[in-house]
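A.B. asks: Below, each chain spelled out in residue letters.
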Amino acid sequence: MEIIFLTKAYRGSIAKRPALTTNEGDTKKNVQIRANVIQNPDSAFPLVIKPWRLDLSQVGDKTVKKVEFIIRNRSNNEAHLNLIDAPENMFKIKLPETIKGNSEAKASVEIRKEFLTEEFEKSFTFTVENRNKYRYTVPVYRSIRIPKDK
Amino acid sequence: MFQRLLWPVILLILAFPSGSDAQPKLEIPLNSFDFGFVPQYCKISHTFWLYSRGTDTLKILKVQPG
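If you read the protein sequences in the order shown, they are chains A and B.
Last residue of the first sequence? That's 150 in my numbering, and every number before it is there in order.
Last residue of the second sequence? That's 66 in my numbering, and every number before it is there in order.
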């Protein structure tokens with residue numbers, strides 16, 4: 001079951017508890033999602049992701065399948081990154097394993113060929129460990145526009 | 001003699017409950033997910049795995065947003 005969350009103009013810590021009704025009985029079962037919505041992406045700490053929303057859109061015939069982005073470690077401590085959640089078999093995600101304090105590294109997302117003809121809005125989540133533990137979720141979207149005269 | 005015949009029947013009944021005893025059962029082993037930091041005005045998603053662990057077909061009747 002895929003739960004989609006629109007972050008809209010929310011700010012700060014948000015929790016949602018969608019409920020499922022089944023033929024199991026009268027009691028509903030819940031799942032819970034939590035997020036910390038950041039108003040200014042440049043103020044995120046310890047990492048700043050640029051761009052934070054990844055656009056894999058294609059205009060015209062030329063296939064767009066990969067996007068690169070920069071992850072900047074604003075803290076003084078080395079950050080260890082670990083991918084923990086992504087749509088199954090949809091992307092090849094390359095994240096740096098570590099980023100030294102006050103430096104940056106390149107990362108990339110590539111669409112698997114089975115999904116090149118699809119439009120989507122998905123996301124992936126990774127953890128960051130320096131002295132504390134954090135999580136970041138990166139939205140990825142794709143639209144396809146091919147001119148009619150072609 | 002009667003008891004000898006009865007025991008296998010009782011065991012069979014316990015092993016294969018009748019249709020009326022069949023119960024659907026939903027199990028969600030990981031029912032919580034933390035996205036951590038996310039930007040405003042975007043769409044993010046997570047897939048929860050639902051398992052049917054009962055003896056009858058599980059039907060999802062309704063999903064209400066939180």
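Think of the hints as simulated: they come from the structure by calculation, not from any bench.
Hints are supplied without guarantee of correctness; some may be wrong.
What the hints assert, rightly or not - Here are the simulated lysine-lysine pairs, DSS-like style, with alpha carbons at most 30 Å apart:
hint	chain 1	residue 1	chain 2	residue 2
1	A	LYS113	A	LYS50
2	A	LYS65	A	LYS94
3	A	LYS28	A	LYS113
4	A	LYS16	B	LYS62
5	B	LYS59	A	LYS66
6	A	LYS50	A	LYS29
7	B	LYS62	A	LYS66
8	B	LYS62	A	LYS100
9	A	LYS8	A	LYS65
10	B	LYS25	A	LYS94
11	A	LYS62	B	LYS43
12	A	LYS106	B	LYS43
13	B	LYS43	A	LYS16
14	B	LYS59	A	LYS16
15	A	LYS94	A	LYS50
A.B. asks: Next step is simple, just say for each hint if it's right about the structure.
C.D. replies: Okay, the hints, checked on the actual structure:
no. : hint                  : in the structure
1   : A:LYS113 with A:LYS50 : holds, 25 Å
2   : A:LYS65 with A:LYS94  : holds, 14 Å
3   : A:LYS28 with A:LYS113 : violated, 39 Å
4   : A:LYS16 with B:LYS62  : holds, 17 Å
5   : B:LYS59 with A:LYS66  : violated, 39 Å
6   : A:LYS50 with A:LYS29  : violated, 38 Å
7   : B:LYS62 with A:LYS66  : violated, 37 Å
8   : B:LYS62 with A:LYS100 : violated, 47 Å
9   : A:LYS8 with A:LYS65   : holds, 27 Å
10  : B:LYS25 with A:LYS94  : violated, 39 Å
11  : A:LYS62 with B:LYS43  : holds, 26 Å
12  : A:LYS106 with B:LYS43 : holds, 23 Å
13  : B:LYS43 with A:LYS16  : holds, 14 Å
14  : B:LYS59 with A:LYS16  : holds, 23 Å
15  : A:LYS94 with A:LYS50  : holds, 15 Å
In summary, the structure is inconsistent with hints 3, 5, 6, 7, 8, 10 from the numbered list given earlier, while agreeing with the others.
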